[in-house]
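Sequences and hints are given; from them, build the entire structure.
With this note's numbering, the residue at position 72 of the sequence shown is 72, and numbering never jumps.
It should be emphasised that the hints constitute simulated quantities derived from the structure, not laboratory data.
Warning: the hint list may mix true and false statements.
[Said to hold, decoys possible] In silico PhoX-like links for lysine-lysine, alpha-carbon gap of 20 Å or less: (1) K198 to K254; (2) K217 to K198; (3) K217 to K254.
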Amino acid sequence: MTNSLLRWLIFALLGVLATPSPTRAQSAPPPPEAAWQLPLAHPTLNGSVQASSATDGAGNVYVCGSFDGTVSFGPHKLSSTVRKGKYGLFWNDGFVAKRSAAGQWEWATRLGARGNRFRVAITQVVATPRGEVVVAGTYGDTLTFAGTTTTVYAPGGYGMFVAHLSAAGAWGQVTAATAAYFAYPTSTEPEEDPPLVKCTSMVLDARGTVYLAGVHKIGFQLGSLTLPAPAIARAEDGFVVALGANGSWQWVQKLPGANEAVRLAVAPNEGVVVAGQYYGSTLQLGRFTVVNLKPINYSFSSERNLTDVFIARLSPTGQ
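Here it is in structure tokens:
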């Protein structure tokens, strides 16, 4: 099964099994052409990447991603704290920006890190009906939030985070998870430095619970909860975690066995639906065993184009 067909099938399944939620992250609908003639000013260094977008009930659009150098969102100019990294790389800062329904950039804010490994990637954004924003991503060493004294330290050298912003773009509640050991890159080229954890999807239910899905190559500590490293060295395991409205990790569910959690959707009667792909001969999801009809040998040099789809529902308690 090709990756494009696979992802189409995943979206179709989620559409059937999950009802729309006013707080679920969604790609911005195509607005009038005139409203979209607002390009970002070109950064002065390596560029910017828009990773995700969301809309609220008023039609405002929120975008997030990463950049280095300087980037402008209309009158709002952001400059990264770019410098040479431990292994000779330029690391990135993250950004979040709001564009009104009328097509004007209302605010933009950056998110930076410091230390030996200071790349920041904001990859998920969700907007609430009140115009508040929740973002998620990954960082290295120490994460700093512009305009606040809040800092988050990753003793293992790598971490992932969930952060809230007000309707005006001010940073609020922050919760982080840290790697279980030091995990610095060994390469000298960015494209040879694959992320050790990726946040691939995020949704928010009516109670304010944040559900975050992704893949990881190393173990993580989420408060008192542990996400073990994959059993196969250099392999990727999927995960789903729940973060309560009070900012505490509620539960973590590991999806073991060379698989990828691609998308989440809020379930009709609470809980969450997760869909993705896996490469092994079987996939164990709690008491359920899913069999791959055409597995491939898990090789890091082979193309991953023979995959099966899985879709599962988790209760509000992660079962």
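> Given the proposed pairing of K217 with K254, does the C-alpha separation stay at or below 20 Å?
Replying inline: Answer holds: K217 to K254 is near 12 Å, not above 20 Å.
> Under the criterion that the straight-line Cα-Cα distance not exceed 20 Å, is the pair K198, K254 satisfied?
Replying inline: holds (14 Å)
>> For K217 and K198, compute the direct alpha-carbon distance and say whether it is at most 20 Å.
In response: holds (9 Å)
Violated hints are absent here; each numbered hint is respected by the structure.
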